[in-house]
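Q: For reference, the chains in residue letters:
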Amino acid sequence: MKFCTVKQYFDDENNNNVTNGIATTVIPLPNKHLKIKANNKEMEQYEQELLRNVMPQELTKLILAANYLNFKEALDFFCRTVANAIQNKSVDYVRKFFGLESDFEPGEEEKLCKEFAWSFEGVDED
Amino acid sequence: MRSRSHRVVQDSSAVATIDALEQSCWANLPPVLLRDVLIRIDTSEDTWPPRKNVVACAGVCRNWREVMKEIVKSPEVSGKLTFPISLKQPGPRDSLLQCFIKRNRSSQTYYLYLGLNQASTDDGKFLLAARKCRRPTHTDYIISLNSDDVSKGSSTYVGKLRSNFLGTKFTIFDAQPPHAGVKVTKCRSTRLINRQVTPKVPPGNYSIAHISYELNVLGSRGPRRMHCVMDAIPNSAVEPGGVAPTQTEFLLGSVDSFPSLPFFRSKSIRTDSFRSRHSSIPVASVKNFQLVASPDNGVAGPEHENVILQFGKVGKDVFTMDYQYPISAFQAFAICLSSFDTKIACE
Numbered sequence: 001m002k003f004c005t006v007k008q009y010f011d012d013e014n015n016n017n018v019t020n021g022i023a024t025t026v027i028p029l030p031n032k033h034l035k036i037k038a039n040n041k042e043m044e045q046y047e048q049e050l051l052r053n054v055m056p057q058e059l060t061k062l063i064l065a066a067n068y069l070n071f072k073e074a075l076d077f078f079c080r081t082v083a084n085a086i087q088n089k090s091v092d093y094v095r096k097f098f099g100l101e102s103d104f105e106p107g108e109e110e111k112l113c114k115e116f117a118w119s120f121e122g123v124d125e126d
Numbered sequence: 001m002r003s004r005s006h007r008v009v010q011d012s013s014a015v016a017t018i019d020a021l022e023q024s025c026w027a028n029l030p031p032v033l034l035r036d037v038l039i040r041i042d043t044s045e046d047t048w049p050p051r052k053n054v055v056a057c058a059g060v061c062r063n064w065r066e067v068m069k070e071i072v073k074s075p076e077v078s079g080k081l082t083f084p085i086s087l088k089q090p091g092p093r094d095s096l097l098q099c100f101i102k103r104n105r106s107s108q109t110y111y112l113y114l115g116l117n118q119a120s121t122d123d124g125k126f127l128l129a130a131r132k133c134r135r136p137t138h139t140d141y142i143i144s145l146n147s148d149d150v151s152k153g154s155s156t157y158v159g160k161l162r163s164n165f166l167g168t169k170f171t172i173f174d175a176q177p178p179h180a181g182v183k184v185t186k187c188r189s190t191r192l193i194n195r196q197v198t199p200k201v202p203p204g205n206y207s208i209a210h211i212s213y214e215l216n217v218l219g220s221r222g223p224r225r226m227h228c229v230m231d232a233i234p235n236s237a238v239e240p241g242g243v244a245p246t247q248t249e250f251l252l253g254s255v256d257s258f259p260s261l262p263f264f265r266s267k268s269i270r271t272d273s274f275r276s277r278h279s280s281i282p283v284a285s286v287k288n289f290q291l292v293a294s295p296d297n298g299v300a301g302p303e304h305e306n307v308i309l310q311f312g313k314v315g316k317d318v319f320t321m322d323y324q325y326p327i328s329a330f331q332a333f334a335i336c337l338s339s340f341d342t343k344i345a346c347e
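Read top to bottom, the protein sequences are chains A and B.
Be aware that the first sequence starts at 1, since it is given in UniProt numbering, and climbs by one per residue.
Be aware that the second sequence starts at 1, since it is given in UniProt numbering, and climbs by one per residue.
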């Protein structure tokens, strides 16, 4: 049984965790998984197709929905998507992507600059 | 399993999308899910150059840094070098970390790299640089995190090796005191209190090891005998269940002294005894050595035959350096530099 929380979802009257739009994306996933479980390539294509229509701000809602529905495979997939999205990106890009601001003190920022300089030194671009 | 590379957001459209992003959405992401994402990055970016992404994620904001620092294990546990502080932490327990050193004779500079490819010493991640500074009564090797700025006044200065005039006795100095292994509390609410209570030690040079060389009966034609006393590592570190001090940040802390200091001695070495996955076999050189722990009481157990550091010439100006627990990359590099300087023997 893929969903542990589905029954509860339909029982809840005021459910803010999973909006209709998100549910439409997440709920068909387990059936699809079962049908093409053996074929990784097909699953990869399906996932890429799914993500083509997803905006970054929807990703967080998808993650929260998958978490609420206790749907491990979907959660795994969406977290992996976020990790891939920020792979090989600069610190500024990651901050903007998540809407975060640096809360380091000036002294700490200076230390970070040295850390970055060392990490990127003498390393060929990927 | 490596994450499949897939870009949800293309760079060019990213900025427009980002401006429209609701800030509260990601800020409400449960910590356990953020941790899941960062764990994936640590796992998939496990070698250099991609490992720089782990360092980048640790620079996003305080929360990310705390999570990433908690996820990333020290070299002793993971066998991986991640942050610059990894160079001051003991190497892996059960395997040698393979590095190589390139010498630039004209600028009297030495560069330490982490080997990325067993088959060649061309592929490496830069770790440390050292520049030789000769003085009337001694020689200093200044060690820095920045290959372009290797000077004592530099903010990337990490320590130095000082030799006596004859090149027979050396001292390794660390720019910061060795840590006793007690982690600095990172909790925000007590940060101010820690500042007031923790005694500050001014930055300087802390002697952490002494190295001495002796000729053997063959004189300058034979291998030198090297003795290395690590002031910063207790004898118990090399015994079963022992731990070595591990610095956790480039911070200041209190200095601990240890009652009993481990003593490393060089093993007489044959080039075919090099335990290494390097495909380059060292060429014969009096500079080559292997360092093992030597017990106080003279009774050597199996833990005392474990090679902690080995150094071998593989080319005109290229040397392999393999090290493991309980010494750090910085300590290993400094010990190897002493082998370049001894004037009592020639190549």
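What the hints contain is simulated information worked out from the structure, not anything from laboratory work.
A few of these clues could be false.
Claimed, not checked - Derived DSS-like pairs (lysine-lysine); straight-line CA-CA distance at most 27 Å:
(1) LYS69/B to LYS102/B
(2) LYS89/A to LYS114/A
(3) LYS69/B to LYS72/A
(4) LYS114/A to LYS152/B
(5) LYS316/B to LYS41/A
(6) LYS69/B to LYS132/B
(7) LYS89/A to LYS111/A
(8) LYS152/B to LYS169/B
(9) LYS169/B to LYS316/B
(10) LYS96/A to LYS111/A
(11) LYS169/B to LYS111/A
(12) LYS316/B to LYS114/A
(13) LYS61/A to LYS89/A
(14) LYS132/B to LYS316/B
(15) LYS80/B to LYS69/B
(16) LYS169/B to LYS132/B
(17) LYS69/B to LYS89/A
(18) LYS61/A to LYS96/A
(19) LYS114/A to LYS169/B
(20) LYS96/A to LYS114/A
(21) LYS114/A to LYS287/B
(22) LYS132/B to LYS152/B
(23) LYS111/A to LYS316/B
(24) LYS169/B to LYS287/B
(25) LYS89/A to LYS80/B
(26) LYS61/A to LYS72/A
(27) LYS73/B to LYS89/A
(28) LYS111/A to LYS80/B
(29) LYS73/B to LYS72/A
(30) LYS69/B to LYS96/A
(31) LYS111/A to LYS287/B
(32) LYS102/B to LYS132/B
(33) LYS69/B to LYS316/B
(34) LYS132/B to LYS111/A
(35) LYS61/A to LYS152/B
To be verified - Label pairs and their calculated CB-CB ranges:
(36) ASP76/A to GLU214/B: 40 to 46 Å
(37) HIS227/B to PRO106/A: 28 to 34 Å
(38) GLU121/A to HIS227/B: 44 to 50 Å
(39) GLN48/A to GLY153/B: 38 to 44 Å
(40) PHE104/A to ARG105/B: 39 to 45 Å
Here the structure is a predicted model, which is why all the values come from computation and not from measurement.
C-beta: ideal position from N, C-alpha, C; glycine also.
Q: Now look at each hint and say whether the structure bears it out.
A: Going down the list of hints, with the structure as the test:
1. Taken as a hint, the LYS69/B and LYS102/B pair is broken in the structure, with Cα atoms around 31 Å apart against an allowance of 27 Å.
2. With a C-alpha separation of about 18 Å, the suggested pair LYS89/A and LYS114/A falls inside the 27 Å cut-off, and the hint holds.
3. Proximity of LYS69/B to LYS72/A is assessed by CA-CA distance (about 26 Å); at most 27 Å being required, the pair is judged to hold.
4. Between LYS114/A and LYS152/B the alpha-carbon distance is near 16 Å, which keeps this suggested pair within the 27 Å criterion.
5. For the hint linking LYS316/B to LYS41/A, the alpha-carbon distance of about 49 Å lies beyond 27 Å, and the restraint is violated.
6. Taken as a hint, the LYS69/B and LYS132/B pair is broken in the structure, with Cα atoms around 34 Å apart against an allowance of 27 Å.
7. Taking the CA atoms of LYS89/A and LYS111/A, the gap is about 20 Å. The hint holds against a cut of 27 Å.
8. For the hint pairing LYS152/B with LYS169/B, the CA-to-CA distance comes to about 21 Å; that is within 27 Å, so the pair holds.
9. For the given pair, LYS169/B sits about 25 Å from LYS316/B by alpha-carbon distance, which is consistent with the 27 Å threshold.
10. As the CA atoms of LYS96/A and LYS111/A are separated by approximately 21 Å, the hinted pair is consistent with the 27 Å bound.
11. Proposed proximity of LYS169/B and LYS111/A is contradicted: the alpha carbons are some 34 Å apart, above 27 Å.
12. Among the hinted pairs, LYS316/B with LYS114/A is inconsistent with the structure: their alpha-carbon atoms are about 32 Å apart, more than 27 Å.
13. About 22 Å separates the Cα atoms of LYS61/A and LYS89/A, which keeps this hinted pair within 27 Å; it holds.
14. Taking the CA atoms of LYS132/B and LYS316/B, the gap is near 18 Å; set against the 27 Å cutoff, the hint holds.
15. Between LYS80/B and LYS69/B the alpha-carbon distance is near 14 Å, which keeps this suggested pair within the 27 Å criterion.
16. Between the alpha carbons of LYS169/B and LYS132/B the distance comes to roughly 16 Å, so the proposed pair stays at or under 27 Å and holds.
17. With a CA separation close to 19 Å, the supplied pair LYS69/B and LYS89/A stays within the 27 Å bound.
18. With a C-alpha separation of about 18 Å, the suggested pairing of LYS61/A with LYS96/A holds against the 27 Å cut-off.
19. Proposed proximity of LYS114/A and LYS169/B is contradicted: the alpha carbons are some 33 Å apart, above 27 Å.
20. For the suggested pair LYS96/A and LYS114/A, the alpha carbons sit about 22 Å apart, so the restraint of at most 27 Å is met.
21. The hinted pair formed by LYS114/A and LYS287/B fails the criterion: a straight-line CA distance of about 33 Å is larger than 27 Å.
22. Taking the CA atoms of LYS132/B and LYS152/B, the gap is near 12 Å; set against the 27 Å cutoff, the hint holds.
23. Between LYS111/A and LYS316/B the CA atoms are separated by roughly 36 Å; this puts the pair beyond 27 Å, and the hint is violated.
24. In summary, the hint linking LYS169/B to LYS287/B is supported, as the alpha carbons are separated by about 15 Å, within the 27 Å threshold.
25. A hinted pair counts as satisfied when its Cα atoms are at most 27 Å apart, and LYS89/A with LYS80/B qualifies at roughly 21 Å.
26. A distance of roughly 15 Å separates the Cα atoms of LYS61/A and LYS72/A; the hinted pair therefore holds under the 27 Å criterion.
27. Distance restraint check for LYS73/B and LYS89/A: the Cα-Cα separation of roughly 23 Å lies within the 27 Å cut-off, and the hinted pair is therefore satisfied.
28. For the hint linking LYS111/A to LYS80/B, the alpha-carbon distance of about 21 Å falls within 27 Å, and the restraint holds.
29. At most 27 Å may separate the alpha-carbon atoms for a hinted pair to count; LYS73/B and LYS72/A meet this at roughly 26 Å.
30. With a C-alpha separation of about 21 Å, the suggested pair LYS69/B and LYS96/A falls inside the 27 Å cut-off, and the hint holds.
31. For the given pair, LYS111/A sits about 36 Å from LYS287/B by alpha-carbon distance, which is inconsistent with the 27 Å threshold.
32. Taken as a hint, the LYS102/B and LYS132/B pair is honoured in the structure, with Cα atoms around 14 Å apart against an allowance of 27 Å.
33. For a cut-off of 27 Å, the pair hint linking LYS69/B to LYS316/B is broken: about 39 Å separates their Cα positions.
34. In summary, the hint linking LYS132/B to LYS111/A is supported, as the alpha carbons are separated by about 26 Å, within the 27 Å threshold.
35. Under the criterion of a C-alpha separation no larger than 27 Å, the hint pairing LYS61/A with LYS152/B is inconsistent with the structure, at around 51 Å.
36. Look at ASP76/A against GLU214/B: about 60 Å separates their beta carbons, and that is not inside 40 to 46 Å.
37. For HIS227/B paired with PRO106/A, a C-beta distance near 45 Å fails the hint of 28 to 34 Å.
38. About 34 Å separates the C-beta atoms of GLU121/A and HIS227/B, a value inconsistent with the hinted range of 44 to 50 Å.
39. Checking the proposed 38 to 44 Å range against GLN48/A and GLY153/B shows it is violated: the Cβ atoms sit about 53 Å from each other.
40. For the hinted restraint 39 to 45 Å between PHE104/A and ARG105/B, the CB-CB distance of approximately 41 Å keeps it satisfied.
Hints 1, 5, 6, 11, 12, 19, 21, 23, 31, 33, 35, 36, 37, 38, 39 from the list above are not met by this structure, while the remaining hints are.
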